[in-house]
Amino acid sequence: MLLHNWSSTDNWPPTILILAPPLFDENNQVYGILDLAVDATELVKALKKLQQSEKRFRKLSDDLERSVQARPHELNLANRELISSNQNLEQFAYLASHDL
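Take 1 as the starting number for the sequence shown in this note's numbering and just add one per residue.
If you are wondering where the hints come from, they were derived from the structure by calculation, not from laboratory data. These figures come from a predicted structure and were not determined experimentally. Think of the CB as a built atom: it goes at the ideal place given N, C-alpha and C, for glycine as much as any other residue. Warning: the hint list may mix true and false statements.
Restraint-style ranges between C-beta atoms, simulated for each label pair [said to hold, decoys possible]:
hint	residue 1	residue 2	range
1	Ala70	Leu19	38 to 46 Å
2	Lys55	Asn79	34 to 42 Å
3	Lys48	Leu77	42 to 50 Å
Using 30 Å as the maximum straight-line C-alpha spacing, the simulated BS3-like pairs for lysine-lysine come out as follows [unchecked claim]:
hint	residue 1	residue 2
4	Lys48	Lys59
5	Lys59	Lys45
6	Lys59	Lys49
7	Lys55	Lys45
With the sequences and hints as input, model every part of the structure.
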């Protein structure tokens, strides 16, 4: 199998897939070759788009994983701040109630 791309333009020249499988007789002897050329331009374009999409998906997945890994740390910090704030409010309420 041979894949030849003459150019990087959109549609011309096309990407051609060339196949040359051997032909066998009933004794399993090669008696010829079947030459076949197929325009694979759209297939190659679709493959490139798929590769780009996969690259974007992997980046999004990696970004999400980093975000998920960072989240517990962020929640712990927020929790500590809330505990500290709550303690300050309790202390203020205690002092205010004794002043009344």
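Each hint, compared with the structure:
{"no.": "1", "hint": "Ala70 - Leu19: 38 to 46 Å", "in the structure": "violated (51 Å)"}
{"no.": "2", "hint": "Lys55 - Asn79: 34 to 42 Å", "in the structure": "holds (37 Å)"}
{"no.": "3", "hint": "Lys48 - Leu77: 42 to 50 Å", "in the structure": "holds (44 Å)"}
{"no.": "4", "hint": "Lys48 - Lys59", "in the structure": "holds (17 Å)"}
{"no.": "5", "hint": "Lys59 - Lys45", "in the structure": "holds (21 Å)"}
{"no.": "6", "hint": "Lys59 - Lys49", "in the structure": "holds (15 Å)"}
{"no.": "7", "hint": "Lys55 - Lys45", "in the structure": "holds (15 Å)"}
Violation of the numbered hints given earlier is confined to hint 1; every other hint is satisfied by the structure.
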